[in-house]
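Participant: Quick note, the sequences are listed as chains A and B, same order. Letter 328 of the first sequence, counting from 1, is numbered 328 in our numbering, and no numbers are missing. Letter 10 of the second sequence, counting from 1, is numbered 10 in our numbering, and no numbers are missing.
Hints listed in this document are in silico derivations from the structure and should not be mistaken for laboratory results. Nothing here was measured: the structure is a model prediction, and the numbers come from that model. Don't take each hint at face value.
Said to hold, decoys possible - Straight-line C-alpha distance at most 25 Å; calculated SDA-like pairs for lysine to any residue:
no.	chain 1	residue 1	chain 2	residue 2
1	B	LYS22	A	PRO295
2	A	LYS287	A	LEU107
3	A	LYS416	A	LEU152
4	B	LYS43	A	LYS287
5	B	LYS23	A	ILE293
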Amino acid sequence: MLQVILDILSVPAVLVGLVALVGLAVQKKKSAEVITGTIKTIMGFLVLSGGADLAVAALSHFGTMFQQGFGVQGIVPHNEAVVALALKEYGQQTALIMTFGMVANILIARFTKLKYIFLTGHHTLYMACMIAAIFIAAGITGVPLVIFGSILLGLTMAFFPAIAQPTMRKITGTDDVAFAHFGTVGYVLSAGVGKLVGKNSKSTEEMQFPQGLSFLRDTSVSVALVMGILYLVVAFASGRAFVEANLSDGQNFIVFALLKAITFAGGVYVILAGVRLILAEIIPAFKGIAERIVPEAKPALDCPVVFPYAPNAVLIGFLSSFLGGIIGMAILIALNAPVILPGVVPHFFCGATAGVFGNATGGKRGAFWGALAHGILITFLPVLLMPVLGDLGFANTTFSDADFGVVGILLGNVLKLFIR
Amino acid sequence: MKILVCCGSGLGSSFMIEMNIKKVLGELGVEAEVGHSDLSSAKAMQADVYVGTRDIASQLELLDGEVVSLNSMIDLAELKEKLSEVLRKKNLL
Numbered sequence: 001m002l003q004v005i006l007d008i009l010s011v012p013a014v015l016v017g018l019v020a021l022v023g024l025a026v027q028k029k030k031s032a033e034v035i036t037g038t039i040k041t042i043m044g045f046l047v048l049s050g051g052a053d054l055a056v057a058a059l060s061h062f063g064t065m066f067q068q069g070f071g072v073q074g075i076v077p078h079n080e081a082v083v084a085l086a087l088k089e090y091g092q093q094t095a096l097i098m099t100f101g102m103v104a105n106i107l108i109a110r111f112t113k114l115k116y117i118f119l120t121g122h123h124t125l126y127m128a129c130m131i132a133a134i135f136i137a138a139g140i141t142g143v144p145l146v147i148f149g150s151i152l153l154g155l156t157m158a159f160f161p162a163i164a165q166p167t168m169r170k171i172t173g174t175d176d177v178a179f180a181h182f183g184t185v186g187y188v189l190s191a192g193v194g195k196l197v198g199k200n201s202k203s204t205e206e207m208q209f210p211q212g213l214s215f216l217r218d219t220s221v222s223v224a225l226v227m228g229i230l231y232l233v234v235a236f237a238s239g240r241a242f243v244e245a246n247l248s249d250g251q252n253f254i255v256f257a258l259l260k261a262i263t264f265a266g267g268v269y270v271i272l273a274g275v276r277l278i279l280a281e282i283i284p285a286f287k288g289i290a291e292r293i294v295p296e297a298k299p300a301l302d303c304p305v306v307f308p309y310a311p312n313a314v315l316i317g318f319l320s321s322f323l324g325g326i327i328g329m330a331i332l333i334a335l336n337a338p339v340i341l342p343g344v345v346p347h348f349f350c351g352a353t354a355g356v357f358g359n360a361t362g363g364k365r366g367a368f369w370g371a372l373a374h375g376i377l378i379t380f381l382p383v384l385l386m387p388v389l390g391d392l393g394f395a396n397t398t399f400s401d402a403d404f405g406v407v408g409i410l411l412g413n414v415l416k417l418f419i420r
Numbered sequence: 001m002k003i004l005v006c007c008g009s010g011l012g013s014s015f016m017i018e019m020n021i022k023k024v025l026g027e028l029g030v031e032a033e034v035g036h037s038d039l040s041s042a043k044a045m046q047a048d049v050y051v052g053t054r055d056i057a058s059q060l061e062l063l064d065g066e067v068v069s070l071n072s073m074i075d076l077a078e079l080k081e082k083l084s085e086v087l088r089k090k091n092l093l
């Protein structure tokens, strides 16, 4: 009997379902809501792993073509893809660290001066997953993994909003709301660069900027488009003969490349649908409980919270960060290092946010140079992050946003110092 | 009556606005189904009202429904005012 219970609990999907169940019960929801919420959460986890299969299969062709064409490893940083892949291995540990990490966040907000509640649930999930992977790679498992992992997660959930807050006050004009997105180091960098270069520079919002690119806000479309270009480049680099003989089973190599790019975008779409289902019950419960225990805490929200304050800076930030990604990639190629390609999602969301932060401290010039610095930063961080990720470090994709890099590199190397 | 909140990837900010809308609807005493999604899915999901921040509202105008464009994600007063306006138009308030 005990074995059966342990078996059930070791299925990550069931584990997150139980978390949702407890969350719903604590909120005294009706039994129908408890049942549907629990089932949907479990389904979310299973949907997510289906999306992982799609995205990772498409990406492995990309990796093969890149290796053939350029002779080095090519990596597309993409949180959703790497997390979905990692959850197959570390799902149980991730679910536990996420749950107790949120508890730790509430306790830290209750008892310290870091009064922030981190409400960007997907980033909580991704950070929990990365922390699990790094601890496991360093040989720490079981109860210590969950305890240390949860404390670390709780600390990141309170610390990063705190360092963004000075600029957030400037952007929103209020101190009531905080910022929760694990790219904060990049945004703080951008704000710092903005301060340096932006003396007397006018705000991006005082200029006319073509809004024609706003269709790129549709994530699936922009992922498919940018990945389409990248797939075409590697398909040509590896050569028609190679692709058609080894990968596409005779299908024209251009058609093959474009279809794989769209398949990748489709896989990400499915992963996002899964993540949405997982979070649907857990986050409102977390928010409700946090508000009851720490009523004076500031809710910290996802990065688009700053977008309406400076729509021009959003587009300038994206373009400039992407340019930084291309410059960074060129440097990595020259150094013969693993090549980090400019992933569209990190440059879009994080680059855009870096643009808004840079604009807040240094206007137009701040938005441009700040986001450019951010783009270069998030190109180099993964190179140092991948070696501490264990088996996950050999995937064709990795964590993209700055804080994952910073936390992961610090954690991985500290563990190496003390454990090995 | 169905309200759909949209954002770039349909994970974070649309979810927060959804929770705020549910709070506002509770205060107004209006029953409605509220959901959130990414922009791609929004086209395939029928809703009476689409809500988004002003930087993506132009994408929502292409859909078949009322559009509420928010200047701020965090301003509950603005949300309540704009939502009430749409609800009055639909004779629900």
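Participant: Against each hint, give a clear statement of whether it holds in the structure.
Facilitator: Structure-based check of each hint:
1. The hinted pair formed by LYS22(B) and PRO295(A) meets the criterion: a straight-line CA distance of about 19 Å does not exceed 25 Å.
2. Taking the CA atoms of LYS287(A) and LEU107(A), the gap is near 13 Å; set against the 25 Å cutoff, the hint holds.
3. Restraint check: the Cα-Cα separation between LYS416(A) and LEU152(A) comes to about 17 Å, which is no more than 25 Å; the hinted pair holds.
4. With a CA separation close to 29 Å, the supplied pair LYS43(B) and LYS287(A) exceeds the 25 Å bound.
5. Distance hint between LYS23(B) and ILE293(A) is fulfilled; the C-alpha atoms sit about 19 Å from each other, no more than 25 Å.
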